[in-house]
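Engineer: Heads up: the protein sequence lines correspond to chains A and B, in order. Following my numbering, the numbering of the first sequence begins with 1 at its first residue and continues without gaps. Following my numbering, the numbering of the second sequence begins with 1 at its first residue and continues without gaps.
Think of the hints as simulated: they come from the structure by calculation, not from any bench. Do not rely on the hints blindly, as some may be mistaken.
[Claimed, not checked] In the DSS-like style, the derived pairs of lysine-lysine whose C-alpha atoms are separated by at most 30 Å in a straight line are:
| # | chain 1 | residue 1 | chain 2 | residue 2 |
| --- | --- | --- | --- | --- |
| 1 | B | Lys56 | B | Lys68 |
| 2 | A | Lys52 | B | Lys56 |
| 3 | B | Lys68 | A | Lys13 |
| 4 | B | Lys98 | A | Lys30 |
[Said to hold, decoys possible] Each pair of labels, with its calculated beta carbon distance range:
| # | chain 1 | residue 1 | chain 2 | residue 2 | range |
| --- | --- | --- | --- | --- | --- |
| 5 | A | Leu39 | B | Ser74 | 21 to 31 Å |
| 6 | B | Ala78 | A | Ala80 | 21 to 31 Å |
| 7 | B | Gly83 | A | Thr9 | 15 to 25 Å |
| 8 | A | Gly40 | B | Gly83 | 37 to 47 Å |
| 9 | A | Arg55 | B | Gln60 | 25 to 35 Å |
| 10 | B | Ser28 | A | Thr14 | 39 to 49 Å |
[What the hints assert, rightly or not] Per the computed footprint, the stretches of chain B lying under chain A, defined by three or more beta-carbons under 8 Å from a beta-carbon of chain A, are:
| # | stretch |
| --- | --- |
| 11 | 28-42 |
| 12 | 45-58 |
| 13 | 90-99 |
| 14 | 102-108 |
For clarity, every value in this text was computed on a predicted model and none was experimentally measured. Idealized CB from N, CA, C, for every residue including glycine.
Each chain is listed here by its residues.
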Amino acid sequence: DAGVTQSPTHLIKTRGQHVTLRCSPISGHKSVSWYQQVLGQGPQFIFQYYEKEERGRGNFPDRFSARQFPNYSSELNVNALLLGDSALYLCASPGGRSTDTQYFGPGTRLTVL
Amino acid sequence: GESVGLHLPTLSVQEGDNSIINCAYSNSASDYFIWYKQESGKGPQFIIDIRSNMDKRQGQRVTVLLNKTVKHLSLQIAATQPGDSAVYFCAETQGFQKLVFGTGTRLLVSP
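Produce the entire structure from the sequences given, and follow the hints as far as they go.
Structural biologist: See the structure below:
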């Protein structure tokens, strides 16, 4: 079975542009969480979706938004990109018997110039 | 507050030694903790977890210890190998599947 998948792997954008990142959870799981990891720091929670509804939101501006589709895949959208949005964006889903255990995808490396 | 911190940013060990990575957490209500390993350019990889009703859990070459009295976690890696070189994060679960991470400890293993 495939783990958490994310696309694209890398992305380069300029300030002011918008970006869409994609994620699919581990097969059979209905929850997706998004995290931002700035270089040299731990991941920071952005959003959590379960059954297409937002269940949690971290301390991020309204430029960040997300949605979840009927097949439980998810998109993270960031508008009006800033240089500080450059980071590794990680997606996580449950994958074991316990839904508390989160497994991460490989991430999307976003560079804003 | 909601923060998970680590005592040592970098830990250097010799191959074959045992490694101990420490972590302090601040939320006494947290009841589930996970250790992740992250190699350069990759997503965090699950290593081992522990619930707050336990004080020790063992996996293959790894052991996690939880001291709720002082809100402290540790990850012990036995017979450390060069492939163990990575950044290690502890994380605590707050709310429904929300993880709070620290800044990480870099483990460097010399042959």
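Engineer: With reference to the structure, classify each hint as holding or not holding.
Structural biologist: Structure-based check of all given hints:
1. Simply put, Lys56/B and Lys68/B have alpha-carbon atoms about 11 Å apart, close enough for the 30 Å limit, and the pair holds.
2. Our distance criterion of 30 Å between C-alpha atoms is broken by Lys52/A and Lys56/B, whose separation comes to about 36 Å.
3. Proposed proximity of Lys68/B and Lys13/A is contradicted: the alpha carbons are some 45 Å apart, above 30 Å.
4. Under the criterion of a C-alpha separation no larger than 30 Å, the hint pairing Lys98/B with Lys30/A is consistent with the structure, at around 15 Å.
5. A C-beta distance of roughly 26 Å is found between Leu39/A and Ser74/B, which places it inside the suggested range of 21 to 31 Å.
6. At roughly 49 Å, the beta carbons of Ala78/B and Ala80/A sit outside the given window of 21 to 31 Å.
7. At roughly 23 Å, the beta-carbon separation of Gly83/B and Thr9/A lies within the given 15 to 25 Å, and the hint holds.
8. Taking 37 to 47 Å as the suggested C-beta distance range, the pair Gly40/A and Gly83/B does not conform, at roughly 22 Å.
9. The beta-carbon spacing between Arg55/A and Gln60/B, approximately 33 Å, falls within the hinted interval of 25 to 35 Å.
10. Restraint check, Ser28/B to Thr14/A: a C-beta distance of roughly 45 Å satisfies the suggested window 39 to 49 Å.
11. Three residues within the 8 Å Cβ limit are the bar, and the stretch 28-42 of chain B against chain A gives 5, so the coverage statement holds.
12. Against chain A, the stretch 45-58 of chain B contributes 3 residues with a C-beta closer than 8 Å to a partner C-beta. That satisfies the three-residue criterion, and the hint holds.
13. With 7 residues having a Cβ less than 8 Å from any Cβ of chain A, the stretch 90-99 of chain B passes the three-residue criterion, so the hint holds.
14. Residues of the stretch 102-108 of chain B with a Cβ under 8 Å from some Cβ of chain A number 3, which satisfies the need for three, so the listed coverage holds.
Checked against the numbered hints listed earlier, the structure breaks hints 2, 3, 6 and 8; every other hint is satisfied.
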